[in-house]
Amino acid sequence: MTTDTSTPPVAARPEPAPRGRPRRSLHRRRSVAGIAFALPTAVFVLLLFVLPLFTVGQMSLSEWTLLGGNLGLNAPDNYSDLWSSPLLWPSIGFTLLYTGIVTVIMLSIALGIALLVQESTRWTSFLRTAVLVPSALGLASASLLFFGLYSPNIGPITPALQSLGLIDEAISFLGTPQAALWSTVFLVIWRFTGFYMLVLLVGLQGISLDVYEAGRLDGASRWQLFRDITLPLLRPSIALSLILCVTGSLLAFDQFFILTRGGPDNSTVTVVQLIYREAFSSFDLGGAAALSVVVLLVLVVLNIVQFRALRSTD
Amino acid sequence: MTAPTTTRQTALDPLRPASRPRRSAGARFGLAALRTPYFVLTGALAIIFLFPLVWSAWASVAGQPGTAQQSGFGFANYARLLDYGAGVGQFALNSLIVSGLTVVFTLVLALTGGYAFAKFSFPGKNVLFLLVLAILMVPYATLLVPLYVLLGNLGLIDTLFGLSLVLTIYQLPFSIFMMRISFEAVPAELEESALVDGCGTIGALLRVLTPAVVPGLVTVGLYAFLAAWNDFIAPLILISDADLAPLPLAIANLRQQTMGAIDYGVTEAGVVVLALPCIVLFLLLQRYYISGFMSGALKG
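So the sequence lines, in the order shown, correspond to chains A and B.
Add 1180 to a position in the first sequence, counting from 1, and you land on the number used in the numbering used here.
Add 26 to a position in the second sequence, counting from 1, and you land on the number used in the numbering used here.
One chain only, chain B, in its complex shape (with noise of 0.2 Å):
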C-alpha cells in the first residue's frame, strides 16, 4: 500500500471528510431550529434517489397484466429472461467476457504504461502521453464509424475481442494517467534497491513496484469493469449477431420482441439482472471509486 494514496483517501475521501470543529451556542441553536426542515429535506431526497431502484426490483416479482407475472408475486419475469433469445444466461456471459476481456487489456496497457512514463524518460515520451489524454477529447460517435471500417476489414467486428478493444481505448485516459501518478507516488529507493539487487526491470515492476500500486490497479479495474459491462452504443454498433449481445443491448432490444406489445415486466428483470452485479461492486469498493475520481477530479 503506498503511503500517499493512503493518506489521499483519509484526508480526503469526501465519505469521511475531517471533522468540523464544534459550533458556537448561537450556531448550535440555529442549526437545532434548522433541523426538522433538514431532516425532511434530505429525507425526501434520499427517498428520490432510492425509489426507482427499489421501484424496479419490485416491479420485477410483482405481479402485474400484460407481463409474465400476471398477479401475486414470483419470478416468472426472469423465467421468461431465462427463455428469450440465446437465454439471459448466454448475454450475462457476453457480458463477462467483454467486461474481463477489457479489464485484463486495461490493466495490462495501465501497468506497462503507466510504468513507462512514471519512472522512465524516453524519446517520444510527451508526445505519447497528450496522445493517449486526446483520447477524451474525440467524441465515441467519431471513432466508432472508422473503427466499424476498419474492425470490418480485420474480421473482428462481430467478435468480444474487438469490441474489448474498442472499449479499452476509451480507458485508456483515465487508467494511464492514474497508474502514472500511482508509480509515480512510490520511492525511488524501492525500485532502485530492486535493480541493484539484481531484478531487471521487468523483475522490479512484477516483484517489487506491483506489488506497490495494487490500489490504483482496483480503482482501474473496477472503472473499466463498470464501463465494458454497462456500454451501449459500442455493441449497438459492432455486435450484429443477436447471440453475441452483452446484457445492455439484449435488454434493449427485448422490448420490442413480443409481437410489438412491450413487456415492462421483463425489462424491470433485465435491469435489475444489469444493475445488480454493478451496485454490488460499487458497495464493496466504493473508496477505491472514489479515490480513482479524486485523481481526477483534482488535476481537472
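Bound-form chain A, shown alone (with noise of 0.2 Å):
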C-alpha cells in the first residue's frame, strides 16, 4: 500500500516567506490566526465534551434525581449501590457473552467474505455492494426492519419453511432469551459485517503480490499462502476491526432497546440499557452517571490494552 498517499507530509513546511517583516512578528500573527481558526473547535469541545464529563463525574458523587436535581453529595452511595442492582452482574454478563459471539462469528464471516471478493469483476463488485449497503441504514432503522422481519403476524420465514415442510410449528425468534440472542446477532452480522469486511479489503489490498508470487513459487498450497502470507500481514487491519467489533458491542443499546425490548424476562438487558433504565425508569441520575463513569474507566483501560499489545507487536 502507497503509505504517502495517507500520510501526506506533516505541516512542519516553513512559514510563508516573510517578506520584509520581522520574521518573529509574523510568526505570532501566523499563530494568532492559527487560534481564531481553531476557536470554534475548542469552545465546542470544551462546552459539550470537557463540561460534561465533568459534569458527569460530579453528578456521581451526588444525590442527583430526575426530577429533584442535585440533592447535594451523597458518595459514594452511587457506587456502593450500584452493586446491589438485581441486573448488573446479568446484564454484565449478557454483554461479554454478546460481545464474544458477535465478535468471533462477525470478523470471520467478513474475512471470508473479503476473502470472496477480492478480484474485480462485475460480479464482485455487485457482491460487495450488496454486503456494503445495510450499513447505510441506521441500527434502530435496521432493528425496526428485523422486527417485522421475526414477527409471528407478517415475518416470512415461518411460512416459507412451513411450505417447503421443513418445520410443523411457527418458528419463535424472539420467545426465549436464546432465540432473542441468536435472533439479535444475526441482525447486527447483516448491519455491520459489509463495514467489516471493507477494512479488511482495504488491509488485503495492501498486501504485495509479489509476497503471494514468492510463496507460489516455493511451491506453498493456498491454505499455507493464507496462514503464512494472509492472515500475518493482515494483522493490523483485522486488530483494527477487534478494538471497533469489541468496543462497539460492549456499547450495544438500540437493537436490544428495539428489537427484544431487554425480554424475554430481562434476559437480554445490555449495559448501557441499565444506564438507560436507571436514569429514565429509576429517576437516579446519580446512579445512571456512577454507572457511566465505571464504564467509561473499564472502556479506556480496555483501550490502552488493546492499543498496548498492538504496537508491542508491531
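Accuracy of the hints is not assured; some may be wrong.
Derived, one-sided and incomplete: chain B residues facing chain A with beta-carbon distance under 10 Å [as the list claims (entries may be wrong)]:
(1) Y64
(2) L135
(3) L231
(4) G296
(5) V297
(6) L307
(7) Y315
It is worth saying that the hints were derived from the structure and are not from the lab.
Where a beta carbon is used, it is the ideal one built from N, C-alpha and C, also for glycine.
Got two chains here, separate frames each, mind docking them using the hints?
What follows is the structure in C-alpha cells.
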C-alpha cells in the first residue's frame, strides 16, 4: 500500500516567506490566526465534551434525581448502590457473551467475504455493494425492519419453511432468551459485516502480490498462503476490526432496546440499557452517572491494553 | 480536486482494485472447477444481504391481515403513517432539520478546525487535537446523562437545535481528522501564493483552499448526515415532545400506539421512509463513503 497517500507531508513546512517584515511578528500573527480558526472547535469541545465529563463525575458523587435535580453530595453511595442492583451482573454477563459471539462470528464472516470478493469483476463489485448496503441504514432502522421480519404476524420465514415442509410449528424468534440473542446477533451481522469487510479488504489490497508469487514459487498450497502470508500481513486490519467490534458491541443499545426490549424476562439487558433504565425508569441520574463513569473507565483501560498489545507486536 | 485524494481513490479504492495478474493455466483450471460452488455461495450471500431490504419494501405495500393494507397491494400503510401523530411529514421534517443543522455545524467546525490543525502552529494545538480524538473513547451514554442536565439548564432540552449540537460532538473526531488530512495534502505553495496576492488567511481559506478540499467535505458531510438521520439514543433521551421526534424515534414509538397491538405494516412503511434516503445517498456517493473510511482504516 502506498503510504504516502495516507500520510501526506505533515505541516512542518516553512511558514510563508517573511517579505521584509520581522519574522517574529509574522510568526505571532500566524499563530494568532491559528488560534482564531481553532477557536470554534475548542469552544465546542469544552462545552459539549469536557464540561459534561466533569458534570458526570460530579453527578456520580451526588444524590441527583431526574425531577429533583442536584440534592447534594452523597459519595460513595451511588457507586456502592450499583452492586446491589439485581440486574448488574446479569447485564454484564450478557453484554460480554453478546460481544464474544458477535466479534468471533462477524469478523470470521467478514474475512471470508473479503477473501471471496477480492478479485475485480462486475460480479464481485455487485457483491461488495450488496454486502455494504445494509450499513447505510441506521441500527434503529435495521432493528425495526427485523422486528417485522421476525414477527409471528407478517414474518416471511416461518411460512416459507412451512411450505417447504421443513418445520411444523411457527419459529419464535424473540420468545426465548436463546432465540432473542441469536436473532439479534443475526441482525447485527447483517448490518455491520459490510463495514468490517471493507476494513479487511483495504488491508488485503495492501499485501503485495509479489509476496504471494514468491510463496507460490516455493510451492506453498492455498491454505499455507493464507495462513503464512495473508493472516500475518493482515494483522493491523484484523486488530483494528477487533477493537472497533469489541468496543461497539460492549456499548450495544439500539438493537436490544427496539428488537427485544431487554426481554424475555430481562434476559437481554445490556449495560448501556441499564444506564438508561437507571436514569429514565428509576429516575436516578446519580446512579446512572456512576454506572457511566465505571463503563468509561473500563473502556479506557480496555483500549489502552488493546493499543499496547498492538504496538508491542508491530 | 486534490491530487492525493484522487490517487487514494484510484489506487486503493477497494471497489476498483488494481487488476490482479493473469493466473497460470493450472490455476485457471482450478478456478473453473471452483467456479460453480463459488457462484452458488456468493449468490446466496447476495440474497441473504439484500433479502431483508427487498422484503421490507414488499411488506410495506403487500396486503397482510392486521395491517392497514388488508388485502391486495396498495399504499394504505403509508396513508396511516401520514395520519399518525403529527404526521410522517412532520417527523421527516424534524429529521431533515436535525440532519441539516448537524451537517452545517460539522462542516464549519471541520473546515476551520482542520485548517487550523493542518496549516498553523499555535500553543495548545496538540492538546486540543488529542482532546478531539479522545471523544471517540467516551461512550455515548456517558455523555448523554450529563448533557441531559446541562442542556436542560440552558433551555436547550427538547429542541432540535440542542439535539444537533450533541450529534455534532460525536462527528468531530472523524471530521476534523479527515479535514486535517485533506488540508495537509494541499500544496503549501497554493496558500502562499494566495497570501502573497494579498488574501488574508480567511480569504485564502475560502477562495483557494476550500475548493481544493471539496472531496473531503463531501465525505464529512455524508457521514454527518447519515449519523444524524439515523441516530436513535440521543433523541430518545433529549427529546420528550412527541411532535419534535425525528423519524427513528417516531417510528419506534409508533409500534405501541394502536391499542397494544403492534401494526407491523406501518412499521415496515416507516422503515422504508427511513432507509430510502440513506440507500440512495449511499449509492450515489459510494466512493466518498469509502474514501472516508479508508483514511480512518489506514490510520487505525
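Of the hints given before, which are not true for this structure? none
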